[in-house]
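Student: First to last, the protein sequences are chains A and B. Heads up: the first sequence begins at 0 in numbering that gives the first Met the number 0, then just goes up one per residue. Heads up: the second sequence begins at 0 in numbering that gives the first Met the number 0, then just goes up one per residue.
It should be emphasised that the hints constitute simulated quantities derived from the structure, not laboratory data. Possibly wrong hints are sitting among the right ones.
Put simply, identical chains are the same to the list, so a pair is met inside one copy or across any two.
Unchecked claim - Straight-line distance between alpha carbons at most 25 Å, and here's what the computed SDA-like set of lysine to any residue pairs gives:
# : residue 1 : residue 2
1 : K357      : G32
2 : K176      : R208
3 : K176      : T88
4 : K176      : P139
There are 2 protein chains.
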Amino acid sequence: MSATIARSWVASANDPDSDFPLQNLPYGVFSVGGHAPRCGAAIGDMILDLAAAEAAGAIEAQGTFARPFMNDFIALGRDTWASTRARLTELLAEDGGNRDLPLVPMADATLHLPIRVTEFTDFYASKNHAFNVGVLFRGPENALPPQWTHMPIGYNGRASSVVVSGTDIIRPMGQLKGEDGPIWSPTRRLDLELELGAIVGADSAMGTRVSVEEAEEMIFGYVLLNDWSARDVQAWEYQPLGPFQSKALGTTISPWIVTVAALEPFRREGAPRDNPLLPYLQEQRPGFFDLQLGWSMNGQMMARTNYNVMYYSSAQQLAHHTESGCPMRVGDLLGTGTISGPSRDQTGALLEMTMGGKEPVTVNGETRTFIQDGDTIALHGHAQGAGYRIGFGPCTGTILPARE
Amino acid sequence: MSATIARSWVASANDPDSDFPLQNLPYGVFSVGGHAPRCGAAIGDMILDLAAAEAAGAIEAQGTFARPFMNDFIALGRDTWASTRARLTELLAEDGGNRDLPLVPMADATLHLPIRVTEFTDFYASKNHAFNVGVLFRGPENALPPQWTHMPIGYNGRASSVVVSGTDIIRPMGQLKGEDGPIWSPTRRLDLELELGAIVGADSAMGTRVSVEEAEEMIFGYVLLNDWSARDVQAWEYQPLGPFQSKALGTTISPWIVTVAALEPFRREGAPRDNPLLPYLQEQRPGFFDLQLGWSMNGQMMARTNYNVMYYSSAQQLAHHTESGCPMRVGDLLGTGTISGPSRDQTGALLEMTMGGKEPVTVNGETRTFIQDGDTIALHGHAQGAGYRIGFGPCTGTILPARE
Chain A
0 MSATIARSWV ASANDPDSDF PLQNLPYGVF SVGGHAPRCG AAIGDMILDL AAAEAAGAIE
60 AQGTFARPFM NDFIALGRDT WASTRARLTE LLAEDGGNRD LPLVPMADAT LHLPIRVTEF
120 TDFYASKNHA FNVGVLFRGP ENALPPQWTH MPIGYNGRAS SVVVSGTDII RPMGQLKGED
180 GPIWSPTRRL DLELELGAIV GADSAMGTRV SVEEAEEMIF GYVLLNDWSA RDVQAWEYQP
240 LGPFQSKALG TTISPWIVTV AALEPFRREG APRDNPLLPY LQEQRPGFFD LQLGWSMNGQ
300 MMARTNYNVM YYSSAQQLAH HTESGCPMRV GDLLGTGTIS GPSRDQTGAL LEMTMGGKEP
360 VTVNGETRTF IQDGDTIALH GHAQGAGYRI GFGPCTGTIL PARE
Chain B
0 MSATIARSWV ASANDPDSDF PLQNLPYGVF SVGGHAPRCG AAIGDMILDL AAAEAAGAIE
60 AQGTFARPFM NDFIALGRDT WASTRARLTE LLAEDGGNRD LPLVPMADAT LHLPIRVTEF
120 TDFYASKNHA FNVGVLFRGP ENALPPQWTH MPIGYNGRAS SVVVSGTDII RPMGQLKGED
180 GPIWSPTRRL DLELELGAIV GADSAMGTRV SVEEAEEMIF GYVLLNDWSA RDVQAWEYQP
240 LGPFQSKALG TTISPWIVTV AALEPFRREG APRDNPLLPY LQEQRPGFFD LQLGWSMNGQ
300 MMARTNYNVM YYSSAQQLAH HTESGCPMRV GDLLGTGTIS GPSRDQTGAL LEMTMGGKEP
360 VTVNGETRTF IQDGDTIALH GHAQGAGYRI GFGPCTGTIL PARE
């Protein structure tokens, strides 16, 4: 890709610190003024109104951009994903672009969930995180479950509780283990989980297994994902059927879906393998990306890590998801699991960072073990190119007091 | 309700062994001939075509009966549920009914999933089942998890794998624990789970908890539910995040939703409590029904039990589901968990009946520990009234060989 093509006539997109240069073109859903939510593409500090662009004849997407979610566009398939990206690149390029396109300042727009989340599955694919959390929940001998290096462990989450960045999160009430039986209390150990979410872009039929290669082709793109967790509720409820209400208080995703096409130049290997995988999980090419990730609390950066520390890719997770013949559908959201590097300042959750609350951290001069009411957590993520970055935009949430 | 009102001009509905007398009027989705699927009500051996009845002006449901799922009708709310039931009773009554209504022989119709399943949650509310399975998975000391008598444990299942009665189920492949690491194999321990499924009939807002009383009012009706399970896959995968692919091969539900209104005369207490519940789970009135349940393999009855052996009602499960503020939506399906009585001939799963495969059973002269290819499992359920029964109709599935 030449430097010329990579520049846009939307000047702000050419700022090397912009999350949304011409190379990115992530998709989302926005509303502005009295208009109903519709699909858009981020470019610099502007949003290209894709529904209006189609109405004006600049692009063609069978009317799907007028919907308040991206699912129907995504369902048009890979060829349409590619041709639309090529067309948008052409229209927004500095040379030869169409300067009459309908743009809206992002600052004026309300951003909505980019997809109607069909189902939500959350995985557990950072070995550092799985080990650290396992030590805290079960002790060092049983920290890493025996099947962990053989399969991407995951559980079904709750799609209805997925919200877009900026949505306040109410501290949940829950059952906590007490001295003499359970007590009813606001969670005292509210945590974040720094993750990516893969957006499934094609259906698979019941009874059919999807290979890792096919799974690669089924993934439309990625968002940042914060799987808010109530650790005390989790500890009391999670055996033997897994986390349930501890993970249903809210899951925040970033409003822009960064496409696999935009991430392709950053494709990388993940963590080294401890043992060979069964054939159905073996990948033919690297399934990770060099994505610089991190999270902040009340504006202070707390940890930085990289997606390439992970052990299982989203494609491997998707393939495993169909092991039983389970059908997958457009709009399914697959959380990668918490992304943690080996050191404390690389951890994607406070549970790990504070050693289960035993070693507090300092945030703007205040002490924290877990998240307090009024705290704001922001996730950060981008791939760094030569003179540009492929960014995800914001993924934030502020905690409101419990409704007791 | 007088005996006169309870008789229908549809003669087959007056057979005391019919699952679908005038007192029942369950809802489903059917197609016949070249027509697209639409909503219907079962009466005797006929289906009342509700879409055609509305088109003819006999009933009024804002056009929702023309849809290929019941969700939109259900979303109209409790007052509409009640007025529609009253109107259908009037129209189908022997005295004063409307004999011009559009009826279709059930034998000619294809039955579809009655709802578009929004999300699927499965619980674990039979103490007998939880104890029996716990012994097999973890030994008698750790059989019943410590929180079990304090909360209705559940996990999110996979809505996309819910199918209607009569759909063949393909034996899944999966990772099984081997001598030297996992092996890739068709499951060798394929099981059923005899359950009911509650259909959620109203939304709840994120951050809002639903009381048990409110939850009672949110439940539209019930279906039979068979949560097919691959026990060897489950044993290897399920710690610490719960069952995943072992439960995603298919979940079969009966095609007719029996309404709470039809079950009301059979309301009963459940199992006695070991300890008081936290206030948010306390019920003001009995939450169970006197439902005679059972299952058969290849035509031979294997076990009989009753819904009133359960420890937590669907209303308590729904209330617990919102403990964290998790939003519920119309079309959510809540499995009760396997319904097992205390004795072996009352167990709702082969895992329990055969003591983990150690004590085979005889089926039509053949030996079984788990389900073989070609076997057909049918669930059965009804409430017995005086001279009539409120039945669920069939809930069957036949196992096809694995696709290796």
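Student: Are the hints correct? Go through all of them and say.
Tutor: Against the structure, the hints:
1. K357 <-> G32: neither (49 Å within a copy, 68 Å between copies)
2. K176 <-> R208: Answer is between; shortest inter-copy Cα gap is 20 Å, intra-copy 41 Å.
3. K176 <-> T88: So K176 and T88 fail the 25 Å test inside a copy (55 Å) and across (50 Å) alike.
4. K176 <-> P139: both (22 Å within a copy, 22 Å between copies)
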